[in-house]
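Participant: Take a look at the letters that make up each chain.
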Amino acid sequence: MQLLLLAVVAAPVIAFWPKGDQDPDQWLKHVTKACESRRFGIRLAAAKRVANAGAAAVPAIKAYSKDKGRNAVPTSLVDAIADSKVTSPETEVLLRTWAEDNDFYWRSNAMRGLALRRVEASLFEKYVGDSAWLMRTHARLGLALLDEGGKGREAVYAMAEGDPRARVRLARLLLEQGQVPPLQPLLDALADKRSFLGIPWGSRLGLESSKALNAWLGADFPEIVGGDYEKSIGPIVAATKKRSGQDLKLPEAKSDPDYGVVGGFEIASCKFGDQFVQWQADGTLRFGIDGARTAKLPAEQWQELLQQRTALVLEKNAGVVVCDKMQVVLMDPKMRVDVAPSSLPSEASEWLKRLTQRLEEANETEIAADLRRGLGQFEGR
Amino acid sequence: MIRASLTLLLLSAIGGPVCTDPEPVGFPVLAGFEYKEGMTLPKEVTDLDEKVVEIRGFMRREFPGSGPVNSFMLINDACGCMGTPMMNEIVFCTLPENVTMDIEAGIVTVTGKLYVGEEKEDGDVLLIYAMDADTVTGT
Numbered sequence: 021m022q023l024l025l026l027a028v029v030a031a032p033v034i035a036f037w038p039k040g041d042q043d044p045d046q047w048l049k050h051v052t053k054a055c056e057s058r059r060f061g062i063r064l065a066a067a068k069r070v071a072n073a074g075a076a077a078v079p080a081i082k083a084y085s086k087d088k089g090r091n092a093v094p095t096s097l098v099d100a101i102a103d104s105k106v107t108s109p110e111t112e113v114l115l116r117t118w119a120e121d122n123d124f125y126w127r128s129n130a131m132r133g134l135a136l137r138r139v140e141a142s143l144f145e146k147y148v149g150d151s152a153w154l155m156r157t158h159a160r161l162g163l164a165l166l167d168e169g170g171k172g173r174e175a176v177y178a179m180a181e182g183d184p185r186a187r188v189r190l191a192r193l194l195l196e197q198g199q200v201p202p203l204q205p206l207l208d209a210l211a212d213k214r215s216f217l218g219i220p221w222g223s224r225l226g227l228e229s230s231k232a233l234n235a236w237l238g239a240d241f242p243e244i245v246g247g248d249y250e251k252s253i254g255p256i257v258a259a260t261k262k263r264s265g266q267d268l269k270l271p272e273a274k275s276d277p278d279y280g281v282v283g284g285f286e287i288a289s290c291k292f293g294d295q296f297v298q299w300q301a302d303g304t305l306r307f308g309i310d311g312a313r314t315a316k317l318p319a320e321q322w323q324e325l326l327q328q329r330t331a332l333v334l335e336k337n338a339g340v341v342v343c344d345k346m347q348v349v350l351m352d353p354k355m356r357v358d359v360a361p362s363s364l365p366s367e368a369s370e371w372l373k374r375l376t377q378r379l380e381e382a383n384e385t386e387i388a389a390d391l392r393r394g395l396g397q398f399e400g401r
Numbered sequence: 013m014i015r016a017s018l019t020l021l022l023l024s025a026i027g028g029p030v031c032t033d034p035e036p037v038g039f040p041v042l043a044g045f046e047y048k049e050g051m052t053l054p055k056e057v058t059d060l061d062e063k064v065v066e067i068r069g070f071m072r073r074e075f076p077g078s079g080p081v082n083s084f085m086l087i088n089d090a091c092g093c094m095g096t097p098m099m100n101e102i103v104f105c106t107l108p109e110n111v112t113m114d115i116e117a118g119i120v121t122v123t124g125k126l127y128v129g130e131e132k133e134d135g136d137v138l139l140i141y142a143m144d145a146d147t148v149t150g151t
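Quick mapping for you: the protein sequence lines, in order, are chains A and B. To convert a position in the first sequence, counted from 1, into my numbering, add 20. To convert a position in the second sequence, counted from 1, into my numbering, add 12.
Next up, chain B with everything else stripped away, as it sits in the complex (with noise of 0.2 Å):
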């Protein structure tokens, strides 16, 4: 298991370098509309599956509990305490497999490639953007 600081956490090595400039996407897009179960996702969302982006926003467990992560959920409220966050405004990251890293104060641009669209588990959405991510950085 690799243990990655956050500070740097260049796993492009380690999964294979990211060959294309990644594109800054603000959570103003891909929040910026009313999510219902089962829509058609605006074309501006659509347009960045399958792309490498750059996404800022805040790290949080998807589950409570302590400990370096492998996963974690990128929103975009620095409180936990504003309520539930609605499905397009998470991104549900993956670090590589064996590496974990832990949960950050403050803001992180994560970068990788990001899939767009309803993934469903026994007819429960589960998310909408799922990211592979390749890099964690901290401010």
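Extracted from the complex, chain A is given alone in its bound form (with noise of 0.2 Å):
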């Protein structure tokens, strides 16, 4: 009787006991298989498995790391631990190493996960201005869902940002957690058609926005035909005003000037901070994904740098890229190649080196020194 008592009581219990306290070496099995699997879904299904085990799995998470290195955990499985709704200290610690570890490429992803369990205001206001933009976006996300003393929100919305990227995510984010920022960057980029050597950000802002609001204004939301949400900004505009009681305006279309640029690089580094650089035939250089801040070199030197361009012809992509990566555009001769850190030819590196040099002397002396730091992990050794 005692023993049916017994089974009857622990049935239940077992039936929810958490998946998490399964042997550590399959826990190891699991973390294994969310790095290597060639597969992307299956790497996806085991990361979630191990991001929903808590603190069950960060041991085995820890020892992978550990054998492999660091930067040999996928981002998948940063994200999935990032966004699970399982949580432990030991998650959060885990979260925190990565997160402040200035070379784990997938830092601002974990500093994500940290914003969601709102953790602590002093480690959020640390990387406010961090040169990265998702590593800032995060922070402030954390800050505004902490809401310390009823203010966080209100300093968070008031912090300058200069790129339309930051804008965007900062306000889906804190929609997805049921705040409402000011929707004017969602309803902005809906009309965006700007791109940064032929790679159109812009658009890819407006699915970002128009999904987002699409989420939160619900069945409020006007209904977009053919997913060609532009036809639909007016009736979007109206049903965000509506919901929110903010003052919106309807958004300003904008497309790419036709500055003719003839060539260009993008620095994408969740490290240093993501740069980009366009130039025209006449000296102009364009900084930013907008090309908003501007710089002219000297007629004479621009011309020798143009004639010594031939430099930066790379036949392929060099390296292997994961993370951080170097997208050189050219113009004439037609070029288009990505180079992973230290990878970067001599000649090309030495171009790069006058070009920041040709800045310096120009008094641009603050964007010389961000290429610097910038361009530095790209050389080749």
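Do not rely on the hints blindly, as some may be mistaken.
[What the hints assert, rightly or not] Here are the simulated lysine-lysine pairs, DSSO-like style, with alpha carbons at most 27 Å apart:
#1 A/231 / A/262
#2 B/132 / A/53
#3 A/105 / A/86
#4 A/231 / B/48
#5 A/231 / B/55
#6 A/262 / A/213
#7 A/251 / B/63
#8 B/132 / A/251
#9 A/262 / A/274
#10 A/373 / A/336
#11 A/251 / A/213
#12 A/274 / A/316
#13 A/49 / B/48
#14 A/105 / B/48
#15 A/49 / A/86
#16 B/132 / B/63
#17 A/213 / A/269
#18 A/49 / B/63
#19 A/171 / A/213
#20 B/132 / A/261
#21 A/53 / B/48
#22 B/132 / B/48
#23 A/291 / A/88
#24 B/132 / A/105
Don't read these hints as lab results, they were simulated from the structure.
From these two lone chains plus the hints, build me the complex, please.
Facilitator: Written out as structure tokens, the structure is:
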């Protein structure tokens, strides 16, 4: 009878016993699968299992990372842990170790996990001005969600942000967390058609905004035919205005002015932040994803650089890109290649150093310093 | 093994001609909904099943590495640092048997027959969009 009673009491307990209490070796198998399976879907599913195990899987993640190196942990596993509803003190320590490791590729993803867990204002404050846009966006998200003293949100909303990607991402993440930040950045993105050296980042932001507003407005979101949200911008603005009570304006259409760009490069760096450089035939250089900041080199110096530009011509992609990468683009000769850290051929590297030097001589010291820092990691070893 | 250049990878000559004009399809349609495992996919995307389509996007390896590939992921995000794409933000493209090509920087247009629907292995969703890629054209 006692045994029967025990069985009746134990059955539901066992049924809901967390999967996290598996044999630690089993978790190492799941972690290895999450990191090494050649199929993306299998890596993703394994990552979710590991993330949902919470503290039980943390020793296996640490063991794997110690054995294979921290950057052998893929973004999908860090994202799964960051976004998981399951957490534990051990999980938070792991995320914090990653977020505060400047050499960890996915530190900004880990920071999102800490933000969603609303861990600690002082940690977020340390990174609100980080050079990597995702890092500072996630730190700001953490501060806004914590809303310490009831002033955290307003302080975050008032922070200056020059990168349109960051403005959209923060608004989207806050909406997803049930807060309603200023929504104009999302609406502005709907009419943004700008690109950088042929990469249409404006449209990508428009799609992100459209999806965020769709999820938030639910049934009030206007019907979008054929995925073409641009035709419905007016009704989207009206519905957003009505729901939020904010004074929102119809977005101004933004497209690329014909600057006559003949080349440039992009540095995508989780460590140092992204950098965007384009140049025109007349020696005007444009900086930033939107090319908003400009500098002009003296004609003689620019002509010399322009004549030497063949140093930048690379036959094919260089190195194995995992996270940080540099993309070099030329219009004549037509070329677009990706370069991994430590893989830039010396001739190209020297040309870029000369460009940086010329900028410094033209009193663009801040830009020159940023470029040096960003380019340094791509120099061939 | 045939090694193809990206500039214009005209594989229809190898794998048989594409008889239908490809229908242009964009990520706003493919990725325009919140995907949840096991959900009924929107009619807009299920209508594309087994159609010859043309999709613009960025090539990414399914697994980090180097050298030419026979299959790749086509995604809507130029930067790998943006995080993990959702399942409905990826088209898993496969070139004909024995054909490989280099992963190209920048936007490519891929043409071929699209297959829509969850494909699973041991209960895990591997993909929802797959394409038999006939041509890959760089910008």
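Participant: If a hint holds in the structure, say so; if it does not, say that too.
Facilitator: Hint-by-hint comparison with the structure:
no.	hint	in the structure
1	A/231 / A/262	holds (18 Å)
2	B/132 / A/53	holds (16 Å)
3	A/105 / A/86	holds (26 Å)
4	A/231 / B/48	holds (14 Å)
5	A/231 / B/55	holds (17 Å)
6	A/262 / A/213	holds (26 Å)
7	A/251 / B/63	holds (26 Å)
8	B/132 / A/251	violated (36 Å)
9	A/262 / A/274	holds (25 Å)
10	A/373 / A/336	holds (21 Å)
11	A/251 / A/213	holds (14 Å)
12	A/274 / A/316	holds (24 Å)
13	A/49 / B/48	holds (26 Å)
14	A/105 / B/48	holds (16 Å)
15	A/49 / A/86	holds (15 Å)
16	B/132 / B/63	holds (21 Å)
17	A/213 / A/269	holds (18 Å)
18	A/49 / B/63	violated (39 Å)
19	A/171 / A/213	violated (35 Å)
20	B/132 / A/261	violated (42 Å)
21	A/53 / B/48	holds (22 Å)
22	B/132 / B/48	holds (14 Å)
23	A/291 / A/88	holds (20 Å)
24	B/132 / A/105	holds (24 Å)
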